[in-house]
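Novice: Residues per chain, in single letters:
There are 2 protein chains.
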Amino acid sequence: MKISQAERDAVYKTIFARRDVRREFLPDPIPDAVLKRILLAAHHAPSVGFMQPWDFILVTDKACKTNIKQGFLQAHAEAAELFHGDRRTQYQSLKLEGIEESPLGICVTCDRNRTGSVVLGRTAKPEMDLFSSVCAIQNMWLAARAENIGLGWVSILHDNVLRENLNIPEHIDIIAYLCLGYVEQFHDTPDLQRAGWLDRQDMSNVLHQGVWEDKN
Amino acid sequence: MKISQAERDAVYKTIFARRDVRREFLPDPIPDAVLKRILLAAHHAPSVGFMQPWDFILVTDKACKTNIKQGFLQAHAEAAELFHGDRRTQYQSLKLEGIEESPLGICVTCDRNRTGSVVLGRTAKPEMDLFSSVCAIQNMWLAARAENIGLGWVSILHDNVLRENLNIPEHIDIIAYLCLGYVEQFHDTPDLQRAGWLDRQDMSNVLHQGVWEDKN
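Chains as they are written, first to last, in our numbering: chain A, 30 to 245; chain B, 30 to 245.
Worth flagging that the hints you see were computed from the coordinates, not collected in a lab. Being a predicted model, the structure only gives us computed values, none of them experimental. A few of these clues could be false.
Identical copies go unnamed one by one, so any copy, or any two together, can satisfy a pair.
Computed cross-link-like contacts, DSBU-like style, restricted to lysine-lysine with a CA-CA straight-line distance of at most 30 Å [unchecked claim]:
# : residue 1 : residue 2
1 : K124      : K42
2 : K31       : K94
3 : K94       : K244
4 : K98       : K124
5 : K244      : K31
Produce the complete structure using the sequences and hints provided.
Specialist: Have a look at this one:
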């Protein structure tokens with residue numbers, strides 16, 4: 030199947046317009062048909078040995094979100110201790126999650142034993158199954174953006190908070206907690222870039238011809 | 030920036046038409062302008078704390094590819110020992126890489142210390158930086174597909190083969206070796222599905238409402 034130039038440009042537009050959304054979520058629910066399309070895109074991610082190790086837990090319960098938010102606040106306070114001086118002040122001033130404002134949370138996991146202990150393609154690189162679940166997240170992120178829905182990945186959160194609140198069995202690895210919802214606006218640049226936390230690197234700094242080249 | 034319905038449909042088309050390509054690569058080189066677009070899409074992936082930990086090593090040297098292919102053959106032979114009976118025979122019959130046929134290899138890495146030891150968003154979830162590099166790979170995969178270029182992730186390969194052949198320093202984590210090139214055709218379904226290795230799961234098996242639900 031051929032992708033046309035217009036279709037190609039739409040993919041690039043979506044990739045460059047994707048943001049990690051932590052605020053400006055609107056409370057409007059995501060229609061079922063839209064959510065189903067987004068989840069189907071995630072489910073069509075590549076996976077090692079075609080094992081499709083992911084699960085998606087859909088979180089809309091208010092009390093559950095409040096508990097997860099508490100977990101964030103604890104991990105966030107712990108993290109602040111690791112920064113010093115102005116950097117700590119800046120860290121504390123940033124809005125880094127939209128757990129309670131976004132209408133939908135999605136916990137993404139990885140079932141490492143889904144298709145047995147030996148997995149085609151995982152034998153020399155054991156983390157490949159975790160990476161498959163991450164590919165599903167990136168598909169979901171782009172599909173959400175294509176639906177003009179914001180998505181934010183909340184990583185300032187200990188796994189046990191999600192495990193306890195979402196009844197996730199011990200043998201299931203927790204990969205991510207995502208917040209989804211319509212937004213007031215999408216910004217042109219990442220929040221952390223606009224806040225002066227870090228700049229986008231010039232691409233030449235991350236490209237190497239033939240072998241690794243030391244860069245400054 | 031608003032994504033139109035036609036643009037949204039182009040994103041879904043690309044996501045569903047993406048394949049893990051291991052054969053049917055054509056030798057035609059990828060034009061520089063096309064490659065630059067694909068790499069820029071990868072470079073615009075989300076990253077934890079905006080650290081952009083990825084590097085991309087572009088491999089076109091024939092001797093280097095031959096060495097990497099040897100590494101694959103060794104890891105592949107080791108893996109075959111882990112399967113038994115018919116499953117081993119089937120495993121051995123599958124074409125699982127296009128290292129020498131594809132015009133371009135790209136090794137993707139992760140520099141975990143790129144922005145210092147404390148990273149915003151990595152404090153409670155240390156593997157987030159590795160996941161950022163995986164998001165870059167999925168962006169690259171979709172961008173390649175949008176350019177009608179096939180991409181295959183070769184994971185049956187020990188890290189040290191890439192480290193030695195590409196001079197990758199010890200402090201850099203190796204995430205993936207990817208093969209890229211134009212292809213004779215894109216198949217409608219994954220190779221492993223057509224080969225009867227595993228089926229695509231029904232999406233209802235991976236969806237959970239509210240909390241984890243045990244599925245059969």
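Novice: Looking at the structure, which of the earlier hints fail to hold?
Specialist: Violated: hint 5 alone.
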